[in-house]
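Given chain A's structure and the hints, the job is docking chain B onto it.
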Amino acid sequence: MSHLTREPLALDALLAEVSSPECGGTCAFLGTVRDGPEEHGVTAIEYSAYEEMVEGELGRIVAEVGERWSGARVALRHRLGVIRTGEASVAIVAAAPHRAQAFEACRYVIEEVKRRVPVWKKELRADGTEVWVDPSGRPTTRPAHV
Amino acid sequence: MRLTSPSGPSGTIRVRFFARYAELVGRSEAAVAVPLPATVGDVVRRVRDQLPGARDIPERPLAAVNLRHVKLDASVRDGDEVALLPPIAGG
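So the protein lines, in turn, are chains A and B.
Every letter in the first sequence is one number past the one before it in our numbering, and letter 144, counting from 1, is 144.
Every letter in the second sequence is one number past the one before it in our numbering, and letter 19, counting from 1, is 19.
Isolated chain B (complex conformation):
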């Protein structure tokens, strides 16, 4: 599924969902177009606004970009992989 963006410079972000968040949106990933420059928080807002079921993902979830933990004000670039992480419960 591809979420569209208004005209202008934009990037396509691969967003991945896990565990409860994947159940909420009924998918494990989505391609999300965002106007650049953009932050992880912008990607989260776009996902919550446009993806069915995503309103139940918190406004400020744990997140990772390209396999590393980041804060929501971290910037994203075209082609990045953003993961939205439910509360970690390993061990």
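So here's chain A without its partners, still in its complex pose:
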């Protein structure tokens, strides 16, 4: 099944994918398009991707979860196209026998997505400008020497 979609994300379907009587804890994460003080009037973000590679990387991340946390189950979707402020761009659910594993697995997946999955975003701002987001150059990210 593809991990990419151009439709709004629905947690229900992901929860159904990981549901298991052996799992006592399920952790869900939604990443949403933000317009905070540092975003300068973002009305939407346009997401694009190297789609074939995204599928490969996400498949490897899901497999790594199974190796790191025995019995853990993960489902996720990343949305592409224009996504308006407040709407979700990524949804991850992780279920595991115990809650600590579910939280850890969910955190692992989103951090790995941000680190290695080839997706890009262009901010669309209220003043009509468009800006490619470069997390490495953002003042909100940690400096290179940390």
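Worth flagging that the hints you see were computed from the coordinates, not collected in a lab.
Quick reminder that beta carbons are idealized off the backbone N, C-alpha and C, glycines included.
There's no promise every hint is true.
What the hints assert, rightly or not - If the Cβ cut is set under 8 Å, some of the chain B residues that face chain A in the computed set are:
| id | residue |
| --- | --- |
| 1 | Gly11 |
| 2 | Arg14 |
| 3 | Phe18 |
| 4 | Ala19 |
| 5 | Leu67 |
| 6 | Ala83 |
| 7 | Leu85 |
| 8 | Ile88 |
| 9 | Ala89 |
Just chain B, lined up with the frame of chain A:
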């Protein structure tokens, strides 16, 4: 568009561009001929030297070969797909 190479054994690499890099070069892919043996770094140099607009791609971009992240000293073979990846910003 095909970028030519001097005579000798050479390979043709399918180079793909995404996001800002695709905007810089005004295309999403190019066929690049390189003398073999060659590395990803060699392909990047050739692209930056020969493709209009490509000088603004960093000398050391993130790169992938055949859908996997690689370092610039990774070798390439005839027919490989090399992707030049702008800073990743998913999630």
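For each hint, the structure was consulted:
The interface hint given for glycine 11 (chain B) is broken, as the beta carbon of that residue sits about 21 Å from the closest beta carbon of chain A, more than 8 Å. Look at arginine 14 (chain B): its Cβ only gets to about 12 Å from chain A, farther than 8 Å, so that hint breaks. The closest approach between the C-beta of phenylalanine 18 (chain B) and any C-beta of chain A is roughly 5 Å, which is under the 8 Å cut-off, so the hint is satisfied. The beta carbon of alanine 19 (chain B) comes within 4 Å of a beta carbon in chain A, closer than 8 Å, and the hint placing it at the interface holds.
Because the closest C-beta pair between leucine 67 (chain B) and chain A is about 4 Å apart, less than 8 Å, the hint holds. Below 8 Å, beta-carbon pairs count as interface contacts, and alanine 83 (chain B) has one with chain A at about 6 Å; its hint therefore holds. Interface hint status for leucine 85 (chain B): upheld, as the beta-carbon distance to the closest one in chain A is roughly 5 Å, under 8 Å. Using the Cβ-Cβ criterion of 8 Å, the hint placing isoleucine 88 (chain B) at the interface with chain A is satisfied: the shortest such distance is roughly 6 Å.
Among the interface hints, the one on alanine 89 (chain B) holds; its C-beta lies about 4 Å from the nearest C-beta in chain A, closer than the 8 Å criterion.
Comparing the model with each earlier hint shows violations of hints 1 and 2; every other hint is respected.
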